[in-house]
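K.L.:
Protein chains in written order, with numbering that gives the first Met the number 0: chain A, 0 to 308; chain B, 0 to 360; chain C, 0 to 512.
Among the clues, some could well be false.
As the list claims (entries may be wrong) - No farther apart than 25 Å at their CA atoms in a straight line, the calculated lysine-lysine pairs in the DSS-like style are these:
1) C/374 - C/406
2) B/351 - C/252
3) C/272 - A/303
4) B/351 - C/406
5) C/272 - C/142
6) C/142 - B/143
7) C/81 - B/351
8) A/303 - B/187
9) C/252 - C/142
10) C/252 - B/11
11) B/143 - C/232
12) C/256 - C/280
13) C/406 - C/256
14) C/389 - C/338
15) C/237 - C/191
16) B/143 - C/389
17) C/382 - C/338
18) A/303 - C/338
19) C/142 - C/259
As the list claims (entries may be wrong) - Computed list of chain C residues with no C-beta within reach of chain A, every gap over 12 Å:
20) 80
21) 97
22) 111
23) 233
In case anyone wonders, no lab produced these hints; they're calculated from the structure.
All of these numbers come straight from a predicted model, not from anything done at the bench.
The beta carbon of each residue, even a glycine, is placed where N, CA and C say it ideally should be.
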Amino acid sequence: MDLGDIKISLLLASLIVAATPILLAALGELIVEKTGVLNLGVEGMMIFGAIAGFIATIETGSPWVGFLFSILGGAAIAFIFALVTQIFRANQVASGLALTLFGLGLSSLLGHSYTGIKPAAFSDLHIPILSEIPILGVILFQHDPIIYFSILAVAAVYFLFRNFRLGLILKAVGENHDSAHALGYNVILIRFGAILVGGAFAGLGGGYLSLVRVPQWTEGMTAGAGWIALALVVFASWQPFRLLIGAYIFGGVTLLQLNLQALGLEINVALLSMSPYLVTIGVLVFMSARRSRGSLEAPRSLGKTFFGL
Amino acid sequence: MLRFEPRKNRSKFLEISAPIIAVIMTMIFGGLLFYLMGKNPFEAIKLIFWDPVMSPTFAEYSRPQLVVKAAPLILIALGLSFGFRANIWNIGAEGQYIMGALASGSIGLALYPLQAWYIFPLMIIGGILGGLIWAMIPAILKIKFNTNEILVSLMLVYVAEQILALASVGFLRNPEGLGFPGSRDLSKYSSAANPELISGTGIHLGVISAFLGVILLTYFLSYHRTGFHIKLIGQAPRAANFAGVDLRYIIIFCLGLSGGLAGVAGMFELTGPAGLINIDFNVGYGFTAIIVAFLGRLNPVGILLAGLLMSLTYVGGELAQFMMNIPAAAIQVFQGMLLFFLLSTDLLVTYKISVKTPIRK
Amino acid sequence: MLLEMAATSLKNSSVMRVIGVTKEYPGVLANDSVSLDLERGTIQALLGENGAGKSTLVKIIYGLVKPDSGQMLLNDRDFHPKGPQDARSKGVGMVFQHFSLFDALNVFENIALGMDEAFQKTHLRSRINSVSEEYGLSISLDKIVGNLSAGERQRIEIVRCLLQNPEIMIMDEPTSVLTPGEVSDLFVVLRKLASQGMSILYISHKLEEIRSLCSKATIMRHGTVVDTCDPRKLSAGKIAESMVGNSFSNPKKSKIKAGKVLLELNNVSLKSKRTFGVPIKDISLRLHAGEIIGVGGVAGNGQDEFLGLMSGELSPTKGTLFLDGQDVTYLGPVERRKKGLLSAPEERLGHAAAPEMTLTENTLITAEHRMDLSKNGVINYSKARSLSEKIINSLDVRTSGAGSLAKSLSGGNLQKFVIGRELIQNPKIFVVNQPTWGVDAAAAASIRQRILDLAKDGAAIVVISQDLDELLQISDVFCALVGGQLSKPTDTKKLNPKTLGLLLTSSDAGKAV
């Protein structure tokens, strides 16, 4: 074994790449959950975004168009969830599961004839000057635009909830939908919008997976990434910057695992492949054990259907 | 403007007809999907819903398949429905199904080639325990640390799949299999086999267990204290607490029941229709059973019918794949749609929809 | 600016006119052609029992509910608010009964959420401070609302409402959660607002309050206006009669000699697990057979936790609890019921009863073991059904039968059922929280009579209530529950309004925790 083959700075740079799909999806889910909606369909929205973006890229040759379609695809499929849970007031847990099953099915149906093709490359954006910094430049400033966007989006969401009236309203709806309604806020409409935004983020995350991270289309390629994104939101206690840290730690685990597999260590491949899931369980246990001592973090109306007065 | 008004009492009529409406809606939108794919929608719907049972050409093959595929769906969904009623969301039945098969398979393969009457019962117990123990992981974590059982049980599916892969190429691989992945064929090992009981019907012990399960659990849910408590927790958790229901017990019970049933479903599948442990042993029954549970309105008898219906879409889907080249994924979409329509029509049971504009002035 | 408004308009003219407003819900005609005139610069009462249609009417005025028919005029102009925001922008504000506040947010954020126009943080802060100073409504902007007392919460609501410069302020049962001291503070503010020209629509069912505060009262019953009068000129009895519609006998208390000690609490403490829950501190209590202890106090001072400790839903972190000499400190609800300690929590739907279940099933919630409704875990439904029919008959619960869903019953009838379910089991000790909350006067009287009868038969009873009149009427001994602490028991006969007020506020300091 030779760890020297893996350059640490390149490893860290690809860690960010590995983490970005989950980060984007988790950020979307964070917004949704802040308004009190639990959408368990992240996996389904991600994979639908992945195939929508992939097809658009293959057909037009432009990854930019591809990403646009990822976003639209994610939002479109989230629309179904919004309709079912907000207008028809169906159970959110069950509807989220339905969304995942539906998204997985629809994506493999659409992706049938796109397996094994390589999409047009998405070029990196080397930020002038900063990218020249030794080591740090490689790690942080030689990425593609989506990565920069994801980090900016984390900051934007942070400030949205901290400094803006809209963020306050979103939070209020998630804390107590009856009070929000009594004050005249349209709970259903606000949640509907948040679900669409969440879907757009999940779709973009999926698109990043099929267009940059892998990059090609394989059936079921999200392989639980959406569920891990859901776990990350819990890990982050609904705080955007903790989400960033969590996603990067998780990216690290995934990458380490892949690299150890590539190195052909004496550790079993199956054991390595299950490690991200075991780590996720470990993190969930750790966080919930801490939380049972009492905390205010989870939105109080999370998962509850609003029936109006 | 559409308005929803709560009903005073649940509509009994709609309780039964809502799933039927959902199926019809699914047929319409599924037909649209097939049309968009360039297929004849009427032919496709007929192939999926009618031909497996009624067509003289296919029915002879399809009818037994129908029961074979329905059995694991019904067994798993029965267990899940209890948890779902109590808001305990085990969505990792797929993993429990795998672990049940692995546990029972390990017992069978360890005893091979011994011929003895007790091997099969031992494997049944192994199957139950395999699934049950796997389900105890989220149960205990939920009780001890209040960890979300949805995410844990789901993560454990991926872990179980890796263990399955490990077993198929490693410790359970057939030593006479020329190095190919996969275990010995247990259905050819008479002490461990779960054969068709009446030739040409597809009925095996798993099918009989599913029917028995429906009867037993119907009784249990209607008349046993724990069945009542499960309903109570789901509808009014504070009232359940006031009644003195121990939530920890209910969590263990619901996850244990669903894990055990998923595990034994895996055991029957392994020793019968599947025959051997291999990387592709699990085909998603654990997830489809979630749809079955809801389609059956979390009611055992409903689940029996829903399991048969869902099995029909599988068998019919295969026919459609074979005859019209409709990809298998289309059936998955179809099933997803069904669940959506079902959840949406649920509103009709508790709410009246009226078209009414508020009068002004 | 309020003064200007008052000056430019004619005195005693109607600011708001409601003409023939009708609103139907499935099965209920909540408002049947209701008309009302609200005069400028007055405090006007909207009176009626629970379920008379008061809340529906004010929700219509505030734009939360759309009427089926009818007309509203604001300053002689058509007024049909599209929603609360629209109503606020036209000058109608509202202070809610069950506060429309967000526990996890701070005071400033809560007020900001009620602002319709854009604002700058610093500017809004200073406006809030000036309004709260002007009316003596002190609030601290950076506190988390979940930790505040009911009185403080109401001040936030009022300030939020005043910041909109409303012409009309609707107040829905504002005093139901206040201590006597807080009530008189509130009245000072309201009188000042009215003198500046604001019109206040004051909803209540407390007659004495209305007679001292309001110059006009509109009385509703079963969705219609039955009378409009000057409450200062009528006796409370007269008003009550038109409010209730029929007369009923008041419960009679007979003198009983207290027997042996049935329930004993020794230094019971509890750390609340709920966020914003109230911890119980060092409660000691001795309860004799035939005795009724009234536990008074404003909502949110630990009533739920106190009941939970008695029913066995909560285990104390410290202290011991003895039932007829047996240690029951760590026994759960089932075991305690078997020993004769029964209880009825405040929240009917969701806590005492499961809304989506039938009355038969709801009977099982507390009566399964004590009344032998099951054998080896198998429930005997026919026995449960006949028991629930017995409950229905014995307390005259109006329902179509034991098969009806709990949620289909009216509040008063469900309350009778919930109480009857415990009474029929012959409790040795009965603990009840808010026995007559949201119940019409006739039903309340009959529930109180049942409680008195139970005591006469030798049971020991704890009545937790926010209705002080009720406690004075039926209890032998009175304790105040303030900030999770129980005051020393006082003989009810020795209490007067002044000592009572003192008891309820004395340990105020301990409230903030």
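K.L.:
Next, verify each hint and record whether it holds.
P.N.:
Hints, one by one, checked against the model:
no.	hint	in the structure
1	C/374 - C/406	violated (29 Å)
2	B/351 - C/252	violated (47 Å)
3	C/272 - A/303	holds (21 Å)
4	B/351 - C/406	holds (16 Å)
5	C/272 - C/142	holds (21 Å)
6	C/142 - B/143	violated (33 Å)
7	C/81 - B/351	holds (24 Å)
8	A/303 - B/187	violated (51 Å)
9	C/252 - C/142	violated (46 Å)
10	C/252 - B/11	violated (47 Å)
11	B/143 - C/232	violated (64 Å)
12	C/256 - C/280	violated (30 Å)
13	C/406 - C/256	violated (40 Å)
14	C/389 - C/338	holds (22 Å)
15	C/237 - C/191	violated (29 Å)
16	B/143 - C/389	violated (42 Å)
17	C/382 - C/338	holds (21 Å)
18	A/303 - C/338	violated (37 Å)
19	C/142 - C/259	violated (47 Å)
20	80	violated (9 Å)
21	97	violated (8 Å)
22	111	violated (6 Å)
23	233	holds (33 Å)
Checked against the numbered hints given earlier, the structure breaks hints 1, 2, 6, 8, 9, 10, 11, 12, 13, 15, 16, 18, 19, 20, 21, 22 and satisfies all the rest.
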